[in-house]
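Top to bottom, those sequences are chains A and B. Start counting the first sequence at 1; every next residue gets the next number (the numbering used here). Start counting the second sequence at 1; every next residue gets the next number (the numbering used here).
Please keep in mind that the hints were generated in silico from the structure rather than gathered at the bench. Glycine residues also receive a C-beta, built at the ideal position from the N, C-alpha and C atoms. Hints may be right or wrong, so weigh each one.
Said to hold, decoys possible - A short list of chain B residues far from chain A (calculated; beta carbon distances all over 10 Å):
1. 8
2. 78
3. 168
As the list claims (entries may be wrong) - Covered stretches of chain A, going by a simulated chain B footprint (3 or more residues, C-beta under 8 Å):
4. 35 to 45
5. 59 to 71
6. 196 to 207
7. 234 to 245
8. 306 to 314
9. 334 to 348
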Amino acid sequence: MTSVFGLVLLLGIPIVLITGLVSYAAYDPRLPGNETTPERGLLGFYLFDWPTHPVWLYRFTQGVHVVLGLTLVAVLLAKLWSVIPKLFAWPPARSLAEALERASLLLLVGGAVFEFVTGILNIQLFYVFPFSFYPAHLYGAWIFLAAFAVHVAFKLPKMVRSLRSRSIRRELRTGLDGTRPEPPDPDGLVPLRPAAPTMSRRGVFAFVGGASLMMLGLSVGQTTDGPLRRTALLAPHGRDYGPGPNDFQVNKAATAMGVDPATTGRDWRLELAGPHPVLLDRAQLLAMPMHTYALPIACVEGWSTEQTWTGVRLADLARLAGAVPGTADVFVESLERGGAFGQASLSAGQVADPRSLLALRVNGADLSLDHGFPARIMVPNAPGVHNTKWVRKLSFHATAS
Amino acid sequence: MLSGIRGTYRWVATRYGADPLHLLALLACFALAGYAASRVVAAGILVGFLVWFVGAAIIHDLLLYPLYALADIVAQRRPWRRRRPPSGPVQWPPLINYLRVPAALSGLLLLVWFPLILRLAEQNYEKSVALDTSPYLGRWLLVTGVLFAGSALAYAVRLRRNKSSSRSRTRLRPRAPRSSPSG
Chain A
1 MTSVFGLVLL
11 LGIPIVLITG
21 LVSYAAYDPR
31 LPGNETTPER
41 GLLGFYLFDW
51 PTHPVWLYRF
61 TQGVHVVLGL
71 TLVAVLLAKL
81 WSVIPKLFAW
91 PPARSLAEAL
101 ERASLLLLVG
111 GAVFEFVTGI
121 LNIQLFYVFP
131 FSFYPAHLYG
141 AWIFLAAFAV
151 HVAFKLPKMV
161 RSLRSRSIRR
171 ELRTGLDGTR
181 PEPPDPDGLV
191 PLRPAAPTMS
201 RRGVFAFVGG
211 ASLMMLGLSV
221 GQTTDGPLRR
231 TALLAPHGRD
241 YGPGPNDFQV
251 NKAATAMGVD
261 PATTGRDWRL
271 ELAGPHPVLL
281 DRAQLLAMPM
291 HTYALPIACV
301 EGWSTEQTWT
311 GVRLADLARL
321 AGAVPGTADV
331 FVESLERGGA
341 FGQASLSAGQ
351 VADPRSLLAL
361 RVNGADLSLD
371 HGFPARIMVP
381 NAPGVHNTKW
391 VRKLSFHATA
401 S
Chain B
1 MLSGIRGTYR
11 WVATRYGADP
21 LHLLALLACF
31 ALAGYAASRV
41 VAAGILVGFL
51 VWFVGAAIIH
61 DLLLYPLYAL
71 ADIVAQRRPW
81 RRRRPPSGPV
91 QWPPLINYLR
101 VPAALSGLLL
111 LVWFPLILRL
121 AEQNYEKSVA
131 LDTSPYLGRW
141 LLVTGVLFAG
151 SALAYAVRLR
161 RNKSSSRSRT
171 RLRPRAPRSS
181 PSG
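Using the sequences and the hints, build the whole thing.
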């Protein structure tokens with residue numbers, strides 16, 4: 001039974017780990033202002049320029065990271081439940097090898113639960129942990145990854161052997177009446193004096209599988225648009241705002257971010273810094289060539305939504321400021337105060353993509369204040385926090401090579 | 001030379017208690033984990049990180065497991081149960097899984113979503129989402145209600161099937177002698 005849960009986790013956990021590491025790269029932490037973990041050292045060895053193609057990539061990888069993580073909670077708990085007899089093994093270790101392996105299990109279980117707990121609390125904005133989420137979740141993941149890799153290396157042959165020892169098809173045909181305890185095993189996972197069974201093995205699998213499907217079904221809707229979104233009954237960001245053009249998921253409301261509506265009105269100017277500094281008001285921006293694209297907002301918290309954005313190309317603004325698109329990145333600053341993401345850098349590739357916009361309108365209407373009026377960044381495939389709202393200044397710099 | 005290596009290998013294996021490769025793999029694991037831990041130190045969050053990490057390692061085995069195991073034992077013994085007089089041929093199928101499954105599923109939802117359901121992060125949530133979390137308690141209760149109702153329905157179906165099968169058994173019994181070879 002442990003082997004079946006182990007197999008599911010062996011398939012699922014690497015996907016969650018990899019999509020998580022991909023999300024770290026998506027933040028382009030090497031660009032100024034994007035770094036949430038400046039002390040990462042060698043752990044950032046694999047970082048690469050985050051692409052703008054395909055537009056749905058981050059929506060997909062981060063949706064999988066969060067929703068698959070939620071789905072696996074039940075399997076993780078079942079796996080921990082199934083190895084409980086090991087907790088009472090006495091003596092705890094008969095050799096140095098066993099003692100060291102048990103120490104690695106502390107990292108494995110601690111790492112797994114730590115990652116699940118911090119992730120799940122973070123998407124609910126319940127910041128009770130005494131540390132910043134980003135470094136803790138990242139370094140915790142590497143500790144877990146190390147322990148997970150050796151655990152798989154040690155246990156894989158055992159898992160295969162034990163999966164082969166019983167016919168899955170026969171187990172699925174065996175009801176409660178035919179359920180017998182397993183023969184004692186060298187690992188001591190089988191209880192010595194098991195109580196009479198109250199649930200068949202297929203019953204346990206249906207139980208855990210059903211729990212996983214329930215977690216999936218009640219949260220996956222937050223990654224979709226249309227009627228399915230309403231199925232996200234228990235997901236923090238699957239909310240319904242109404243039928244209007246600006247009625248889609250808000251993350252960071254204007255008032256909470258200290259955005260004074262007075263500063264977004266007539267006196268608002270967009271400052272372009274570069275070889276030829278320029279100051280533009282909203283009418284001048286609207287007089288520039290407008291482009292419209294359907295682009296998703298995909299948040300690190302797992303939710304996403306696609307909307308139709310209209311605005312000025314970042315590449316056109318770069319040219320206006322005297323920079324050459326493709327050779328310059330941009331540092332974006334917002335009117336917001338106090339937030340961790342009041343500024344962000346976009347790479348030269350992101351600036352040059354024709355679909356990268358300084359958006360002024362959404363779904364045919366002006367942006368609402370909560371969605372970033374008077375202007376916000378929309379970059380294809382960028383993580384949500386890099387689509388800065390309430391933009392006040394764009395500074396174009398030649399890309400350091 | 002070769003036998004010397006083999007000898008050392010065997011010596012390490014007996015002293016250590018497993019294949020030396022086992023030791024090598026674990027040392028690699030501890031090296032990577034140790035490096036990640038040094039980044040935690042560099043980030044200046046070691047104490048909080050350590051407390052939460054160790055807490056995470058024991059929360060299931062020492063808190064959740066005793067809680068749900070105890071609840072399960074209590075539910076199986078059912079100290080509140082009324083002793084039913086033996087009611088003829090009708091067999092009451094065991095109730096435990098019809099309680100266990102909806103309770104555990106509802107508990108899992110609460111375990112994962114308690115900050116939303118119990119409105120513990122209300123301020124952060126309203127700042128971020130521009131709505132409040134008031135619907136979540138109702139939604140969780142709704143799902144819990146659906147789970148228990150579905151379970152009760154499944155139990156009723158099972159009971160009905162048991163009744164009809166035991167009735168057909170009692171109807172069959174008197175006929176049995178007739179079909180015997182001596183009849």
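These are the hints, each one checked on the structure:
no.	hint	in the structure
1	8	16 Å, holds
2	78	13 Å, holds
3	168	19 Å, holds
4	35 to 45	holds (count 6)
5	59 to 71	violated (count 1)
6	196 to 207	holds (count 4)
7	234 to 245	holds (count 5)
8	306 to 314	violated (count 0)
9	334 to 348	violated (count 0)
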